[in-house]
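**Student:** This is what each chain is made of:
Protein chains: 2
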Amino acid sequence: MRKLFVFLFVAIAAQTLFAEKVATWIYYPGDFEIWLSNNVQNRRTARGAFFPPFWKVDSHYVLVEFSKKLDLAAPETVSLKVEGRYNVKLDGNMLFGFPDKVTIPAGKHSLNIKVFNQATVPSIYVNGPTIKSDGSWKVTYEDKEWIDESGKASDTSSGTLYLDAASWNFNSPDATPSTYKLATKPQPAVSHKQVGKGVLYDFGKETFGYPKFNGLKGKGTLSVYYGESPEEALSVDSCETLDHFTIDQPSAKDYTVDLSKAFRYVYVEKDNALSYDSLSMQYEYLPLEYKGTFRCNDPLINKMWDVGTYTLHLTTREFFIDGIKRDRWLWSGDAYQSYLMNYYSFFDPDAVSRTIFALRGKDPVTSHVNTIMDYTFYWFMSIYDYYQYTGNKKIIEQLYPRMKSLMDFCLSRRDADGMMEGKAGDWVFIDWADFKMSKAGQVSFEQLLFCRSLETMALCSNLLNNRQDADSYTKLATDLKAKLLPAFWSDKAGAFVHNRENGQQSAQVTPFTNMFAVLFGYLDKSKTEAVKQNVLLNPHALKITTPYMRFYELEALCALGEQKHVLKEMRDYWGGMIKLGATTFWEKYNPERTNQTAMYGRPFGNSFCHAWGASPIYLLGKYYLGVKPTSPGYKTYDIEPSLGDLQWMEGDVPTPNGKVHLYFNTKEIRVKADEGVGTLRFSSKSKPSCKEGPIVAKGGNKYELEIQAGKEYSVKYK
Amino acid sequence: MRKLFVFLFVAIAAQTLFAEKVATWIYYPGDFEIWLSNNVQNRRTARGAFFPPFWKVDSHYVLVEFSKKLDLAAPETVSLKVEGRYNVKLDGNMLFGFPDKVTIPAGKHSLNIKVFNQATVPSIYVNGPTIKSDGSWKVTYEDKEWIDESGKASDTSSGTLYLDAASWNFNSPDATPSTYKLATKPQPAVSHKQVGKGVLYDFGKETFGYPKFNGLKGKGTLSVYYGESPEEALSVDSCETLDHFTIDQPSAKDYTVDLSKAFRYVYVEKDNALSYDSLSMQYEYLPLEYKGTFRCNDPLINKMWDVGTYTLHLTTREFFIDGIKRDRWLWSGDAYQSYLMNYYSFFDPDAVSRTIFALRGKDPVTSHVNTIMDYTFYWFMSIYDYYQYTGNKKIIEQLYPRMKSLMDFCLSRRDADGMMEGKAGDWVFIDWADFKMSKAGQVSFEQLLFCRSLETMALCSNLLNNRQDADSYTKLATDLKAKLLPAFWSDKAGAFVHNRENGQQSAQVTPFTNMFAVLFGYLDKSKTEAVKQNVLLNPHALKITTPYMRFYELEALCALGEQKHVLKEMRDYWGGMIKLGATTFWEKYNPERTNQTAMYGRPFGNSFCHAWGASPIYLLGKYYLGVKPTSPGYKTYDIEPSLGDLQWMEGDVPTPNGKVHLYFNTKEIRVKADEGVGTLRFSSKSKPSCKEGPIVAKGGNKYELEIQAGKEYSVKYK
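Chain order of the listed sequences is A and B.
Position one of the first sequence corresponds to residue -14 (this note's numbering), numbered consecutively onward.
Position one of the second sequence corresponds to residue -14 (this note's numbering), numbered consecutively onward.
One or more hints might be untrue.
[To be verified] Every beta carbon over 12 Å from chain A, so not counted as near; a handful from chain B, in silico:
(1) W20
(2) D128
(3) P617
(4) G618
[To be verified] No farther apart than 20 Å at their CA atoms in a straight line, the calculated lysine-lysine pairs in the PhoX-like style are these:
(5) A/K424 <-> B/K137
(6) A/K74 <-> B/K41
(7) A/K687 <-> A/K672
(8) A/K123 <-> B/K41
(9) A/K408 <-> B/K41
(10) B/K378 <-> A/K41
The hints are simulated quantities; they were obtained by calculation from the structure and are not laboratory data.
Just so it is clear, CB atoms sit at the ideal spot from N, CA and C, and this is done for glycine as well.
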């Protein structure tokens, strides 16, 4: 035990030391993300036309000051790289020109670097024996340091808002933020065949990247049609993405398309005067470690895990995007699910925080996130989740002012009942449902998410020791919560109704509010049971036909212990897509339809690689392996495994600095975790046994075992 | 008379027709100005170091949609140029790629162009037989046009904020906003002489531009020191601006410095291995018409007019900047005076509106304009002036939301008395005074300007028929105005005191509040007289030593009829600078000092070409020629000429579409105006005569004559 602590201490100390010792490119929090997301979101095309977002996109601060108070034992010379026009001030004195080296004498000094950059993000890289640009530097977009007539500089200590500088992994002077690119690697086509006037290529599975014509030669037009299905690629008039290139290359040269595309199939037509040797691609991807794993006795479920993680990998890029064919945008509601899936697969907190910062953008708030009311609320909810899964509070500190201003926007739009209704320009989305539902008046689903967002604000204010805000948000949340049942619960339906107009409840019961109420724990036992029977397990209830809302529907059922039922649903629904040949999961799948490609009024509008399709990852990790944090960063966590109808399962759930490994069959549980203190909860008909730790009986057939880090536990049970 | 009306009507109709017929580059209101001001303000250098502003600088909207509803008699093809990545939508359908021509069928259609541009301003130029990009197009930074699952686009008619597109004079497809540059022309040095190791060049007068070394050859360092005085240029250790160039040109080539500088003198030192034929410059300037003129019998006053207009021309550039040596920034208080001087000289409304837009930037408001409380108030005041002088209401329509948010910022920072005190990060500037004055507590000067700003908001709300706002701002202004005398008037001093702390009036009387109270007409007759005697004409009152505040001090005296006294002050003060060799007027001039170059703790800190130095232009135009609008855009105006101690004077005061010409001596007045209806007010000991119109006696020796446009009036008087 002592040894372990010493080891942990050394490991943590080394990490801290290491973190302090590495110079990295730094910038204003959120600015790199905003700038990068502008580039990402403004490269969507639709049948050759540029297709930008319809919401406000913001800019980085174009003028930023970086500063650091120094106390040096010995003089030192630092090297300096800057993206932008800049000056360097040592103890208030500006140095000549644009120095790439600065020598600082021993003792106490202040170093200030101010950078202007309109096109890309003002950022600096400072590297000396002890001085390194990192998160200990301060940044501001208005230093307010003026000089009076006598030459005296103003005091900026109280009137200037400084934040800690932000960084990612740009740890070498040449890895400038503005040149950031995803990784690529070559990938061949798996097969091709002549079809009509052209050739149809198959890359074997859904993929993303830059098609490459090897040895292209001659003069003429090269037309390239992309498809997630062969039908789409061959439909030159209706495929969603395409390119026409005018080529004039007298001698053979490789030709790589400059804007990446999503496809499995590529159909190429060309003028006769053109020729090329072969078509391959540069596969483009975010390098990710597959930390989460899952295997069980059912090959279909295993396949689901693999297709899910591949779907999530393809959509986890500079940011979490919705789908790779279109829109390739950041959508808060879609991203919220990606975050949760990410915690059970790649556990890449940076991808989450990048997306959260980019989605929020800058003040002023002029509309909801993505213009969608529900998406604003998912944004709030995502921040506390991030803290819970990673233990990193920094994001709350950095974003808190922007959380407040977004919540102010919401609060300013409440109706007389303190509820939020869709105003002009607001999109009340909820889901792409196949049934009609009203978006008018007080939509119960929106109030539920609004309430959860207020609770999130209260939690975050508390974390920052902002008592005044915490009290205010707690009161707002409590008041709203108290209104939910009176306003929307129907005893007749035994469920929440969909909405209320002019104080009148509608008769429609949709699944959305009901399943979220279960997830949020907003219902007592009898109402929870009512929702379960009247909505969730009711075969006559309105059917969800997007993986998006099936995510929460099945999660709610899992939370109610219906893992067996959910497995069956998964096999039907995600298994259904797999049976139709899916290599990645889809934006929409309605088993009752014959045409799966059409959507948005277009024959190939449906996206066949959509992040929100990948929810089995999350369900299997959180509700079958059953691992979830109970305090921030997995300091404590629960393991509550459930086989459903499986014989055995085995997997890893990633944690900030390691993983929880679990093997589970009908007789044995094996657990090993790298960090934190876990509580294994399980049922056993007879008294279970474990050599590595004391099992505590919790009454009935329930048992618990505390899991210490670094130790393997084996439990026999029945 | 009838002929004239017909002529005017045709002229106006032709102009309107013409305005509709010209295609011009268009963009989001204020965005070009913000982008350009970022470039302008981020090229200041101080002894070779880049010296950016210390306030927040904003960005243009990087994604903008332009739209136009069309109704065509015949089909037409338009050509299209765009700065940025863009798409074109005709009736909701996106066209392939980046078309440079679009054909629109006859009938009703909607044309939408959406542009992304991070580095420069999204802007478009559309030109067809009848379709032209101009101010009739709509722009928005968030169109909120989403597409539902069926492919139906959302209704953007009520939830999207559209403004009329903005433009300047980029009327040809190749005159892109992003390539905008001031004009240049070559200018030689007037003389040069060897001094020490180098050569000192004299360009004859203060100037601005790019030094050019003709026939530069060899290898080595070229050091260039700039001076507004020979002492400054020769002070290689203390001159404010300098360049060191490393040259390696084996054969002789002209070498032009790439960052423009202000100077009259240039001192050059070079390595022996370098040689050049001569030093000249590319003078850089905004092409301006000298519409306002002034001549009189006193050559010193004439010189003052010429030096003043040249000073103003040098500082009227992309924007009105403070001074050309430093800071070359946009300062709201400085610019406010430039606007007023501009109305009496170049009458360039575009330069005014460019500066007003750039100073305001974007929301959110995080500090006062330039961080200075008084400068926020001047910004408000400038907008109504602009309307009054130009008759153009557009600026109020476009800026009103930003006026409101800036005023909200002010209102949120009031103290318990409803007054504004300097908070952390606020700069309470007032003036660079040579006496000590407190900036603490309730500074009377700030409350006076705050009150005037509230009155401006009320006026503007009224103009936009926003009754609710007008009522609210009127009440705020009335309430604050009622507090001014009780809080700050001292019967003992017979004047306003400087400030109040904890409810206690200070004993100090400074000129600022008192002179502004006169200008704003906030005082009754007896208090006005008290201020005149106790402050303005009191030789023991605290002395103003900047042309900045002398502007208002002398204006107040003129408003009180002290033109004779003011002429004497002008001869002493501005004449004093001229006697010291000034070719442009200065930032600061204290006749009692021997060293005029030092300021800000630096030997050459004082700026010798500072816009606020040029106030004689304004005083001579407004209070000697005596011309000022009494309704917006000179629809009606006053001419109240005053000779002071002059024998005669003659001049032009520009109006939006012409000028008012006046000749005035002790016996005769001649007036001709191009537009509007003027009222000539004058005094005469005997009955005056005029053949061209009826003179109306107003009692005592006061007379009035109505001046119709296009007619020359000659009045004999005594």
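**Student:** Now, for every hint given, state plainly whether the structure supports it.
**Tutor:** For each hint, the structure was consulted:
For B/W20, the shortest C-beta to C-beta distance to chain A comes to about 7 Å, within the 12 Å cut-off, and the non-interface label is violated. Some Cβ of chain A comes within 12 Å of the Cβ of B/D128; the nearest lies about 5 Å off, and the non-interface call is violated. Separation of B/P617 from chain A is adequate, the least Cβ-Cβ distance of about 31 Å exceeding the 12 Å criterion. With a minimum CB-CB distance of about 33 Å to chain A, B/G618 clears the 12 Å threshold, and the non-interface call stands.
Between A/K424 and B/K137 the CA atoms are separated by roughly 16 Å; this keeps the pair inside 20 Å, and the hint holds. A distance of roughly 19 Å separates the Cα atoms of A/K74 and B/K41; the hinted pair therefore holds under the 20 Å criterion. For the suggested pair A/K687 and A/K672, the alpha carbons sit about 10 Å apart, so the restraint of at most 20 Å is met. Distance restraint check for A/K123 and B/K41: the Cα-Cα separation of roughly 16 Å lies within the 20 Å cut-off, and the hinted pair is therefore satisfied.
Proposed proximity of A/K408 and B/K41 is contradicted: the alpha carbons are some 32 Å apart, above 20 Å. Of the supplied pair hints, the one linking B/K378 and A/K41 is violated, its CA atoms being roughly 27 Å apart against a limit of 20 Å.
In the structure shown, a violation is registered for the earlier hints numbered 1, 2, 9 and 10, in ascending order.
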